[in-house]
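Asks: Starting from the known structure of chain A, fit chain B onto it as the hints suggest.
As they're listed, the protein sequences go chains A and B. Sequential numbering from 1 applies to the first sequence in the working numbering. Sequential numbering from 1001 applies to the second sequence in the working numbering.
Please note: incorrect hints may appear among the correct ones.
To be verified - Reference excerpt, derived from the structure (chain B facing chain A, CB under 7 Å, subset only):
| hint | residue |
| --- | --- |
| 1 | Gly-1020 |
| 2 | Lys-1036 |
| 3 | Ala-1088 |
| 4 | Pro-1104 |
| 5 | Ala-1132 |
| 6 | Ala-1135 |
| 7 | Leu-1139 |
| 8 | Gly-1146 |
| 9 | Cys-1152 |
| 10 | Leu-1165 |
These aren't lab readings, by the way, just hints derived from the structure by calculation. Keep in mind the model is a prediction, meaning the values are calculated, not measured. All C-beta atoms, glycine included, are put in the ideal place defined by N, C-alpha and C.
Number of protein chains: 2
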Amino acid sequence: MPQSHRIEAALDRALGCARGGTAPPRLSAALDYAIKPGGARIRPTILVSVARACGDDTPALTDAAAAAVELIHCASLVHDDLPCFDDADMRRGKPSVHRAHSEPLAVLTGDSLIMLAFEVLARTGAAQGVDARAAQLVLALARRSGMPGGICAGQGWESEPQVDLHAYHMSKTAALFIAATEMGAIAAGHDPDAWQDLGALIGEAFQVADDLRDAVLDEGTLGKPAGQDDLHGRPNAVAQLGISGARDRLSDTLAGAIASIPSCPGEAALAEMVRQQSEAIMPVLPTRYSA
Amino acid sequence: MPQSHRIEAALDRALGCARGGTAPPRLSAALDYAIKPGGARIRPTILVSVARACGDDTPALTDAAAAAVELIHCASLVHDDLPCFDDADMRRGKPSVHRAHSEPLAVLTGDSLIMLAFEVLARTGAAQGVDARAAQLVLALARRSGMPGGICAGQGWESEPQVDLHAYHMSKTAALFIAATEMGAIAAGHDPDAWQDLGALIGEAFQVADDLRDAVLDEGTLGKPAGQDDLHGRPNAVAQLGISGARDRLSDTLAGAIASIPSCPGEAALAEMVRQQSEAIMPVLPTRYSA
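Okay, chain A solo, but in the shape it has when bound:
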């Protein structure tokens, strides 16, 4: 099965757990809407790639972990789009969840997706007889999602008068990429610590790419409102380094990510995946920004 099909199938199974005869139908529909069709699924793709590089000896657990990290990512998008944060009308080229389904259902969709992520990990751990790995996955995902250093903390920095820039970037974007590499290793029975750098560097590259896209592309190309960083006064790499400086930083960071891959049987294939993802996230800038 191609990797992308594997990830969509895992998400479908996860959403299946959240359905049932007794579920409120509108909230059920909002959960599906928040997950499908998806974006690039870059976090679960990285997770599965790391698991395969580590031998992927329990594929069902890898699938559950891939679904879990994407569920948390989608939950964060739904909540970040709310009127009290970005007040975004569009996401992935269609109306945001609160625009399409109401604000109460958007809050509950985010909450439900978070619960579902942890449920899927625990359920699969029990079914596969790998409870210890499941508990490790829960811990890694929760730490990288919550406080003091996960994506909730990252979003929380935007409510502070004084921002710790390093903590902001590490938590806002890098945290869930670190979760992806750590969880890929854990799902395959490997030590996650050796995989943190790869996640952190991919996360940093992704943040810079996002800053570049936000600064120079228009809403039609982005599929969401453009210029949000400037509008909300958020710290970003383009403001700090300029367009071409940010582009150089992006290339250097991706090279560092590839260099950081720990020695493992699937090292070469994983490096190739990171190269492919790099091309996918490298924004095609309008010609006026060419060097």
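Replies: Just chain B, lined up with the frame of chain A:
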């Protein structure tokens, strides 16, 4: 240590996990504000009581489970108070989290508390060498919190034009009481299934007591806005049975809860705890409602 001190200490330790030099200070403060000072802590009290009835052979895991169920409960209160739901200005006699700390921080507080609940379970499972129990706890808590039958689903029913009343009550209130009894059993290494009825019946009693309080008490006595069920057209026991009918239902349900306690070493002590909790939740009605 008295049981209430044990629960507060467990919550303090959990909040300690969410702090750190790199945490955004305002979100940190909002987490503390949402948890302390608390309400009756009835769910963790039930959880610890069930664990003790089952022998409480791993007290650190019982403590983590007690903290986790209360963190999820507090998260649900913070989100339910948001302007798009109850728009409540007050909670537990002080301004609600979004009034005191802003709406963005209230959304993030709820999200962070959910993450923290699962983190605490997994972290303690690893530290105590009881990963399998920790994974079971994660599964029980996630199922009773999310979709299709947890408290998110319960809140979701309030966005439906047609409400399945049984599913609504079971998920909105009973679910987290069932989590409490199941998790108390799991933390002590017992089968949770035998403990579901106790949780469901306490939950039903609690819902009826809440409906009674909402219908007949004023805001000053409640510590939150009164008459919310009527205002929002929510289904409730008083509308269905009248004041005295609802009071009879409450007594019968509590008697059923005590009768449902499985045979175990601490059965008598647990029955006594349920009796005490019954007195605590039985509203003292204004004299005009006396039989």
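Asks: Against each hint, give a clear statement of whether it holds in the structure.
Replies: Quick rundown of the hints versus the structure:
1. Because the beta carbon of Gly-1020(B) sits about 4 Å from the nearest beta carbon in chain A, less than 7 Å, this interface hint is met.
2. Because the smallest distance between the Cβ of Lys-1036(B) and any Cβ of chain A comes to about 16 Å, over 7 Å, the interface hint for this residue is violated.
3. Residue-level restraint check for Ala-1088(B) is violated (minimum Cβ-Cβ distance to chain A is 14 Å; threshold 7 Å).
4. For the restraint placing Pro-1104(B) at the interface with chain A, the shortest Cβ-Cβ distance is roughly 5 Å, inside the 7 Å limit, so the hint holds.
5. Taken as an interface hint, Ala-1132(B) checks out: its beta carbon lies about 4 Å from the nearest beta carbon of chain A, inside 7 Å.
6. At about 4 Å, the closest approach between the beta carbon of Ala-1135(B) and any beta carbon in chain A falls short of 7 Å, and the interface hint on this residue holds.
7. At its closest, the beta carbon of Leu-1139(B) sits 4 Å from a beta carbon of chain A; the interface hint therefore holds under the 7 Å criterion.
8. Checking Gly-1146(B) against chain A: minimum C-beta separation of about 3 Å stays under 7 Å; hint holds.
9. Of the supplied interface hints, the one on Cys-1152(B) holds, with its beta-carbon coming within about 4 Å of a beta-carbon of chain A, less than 7 Å.
10. Annotation: interface hint on Leu-1165(B) violated; nearest CB of chain A at approximately 11 Å, more than 7 Å.
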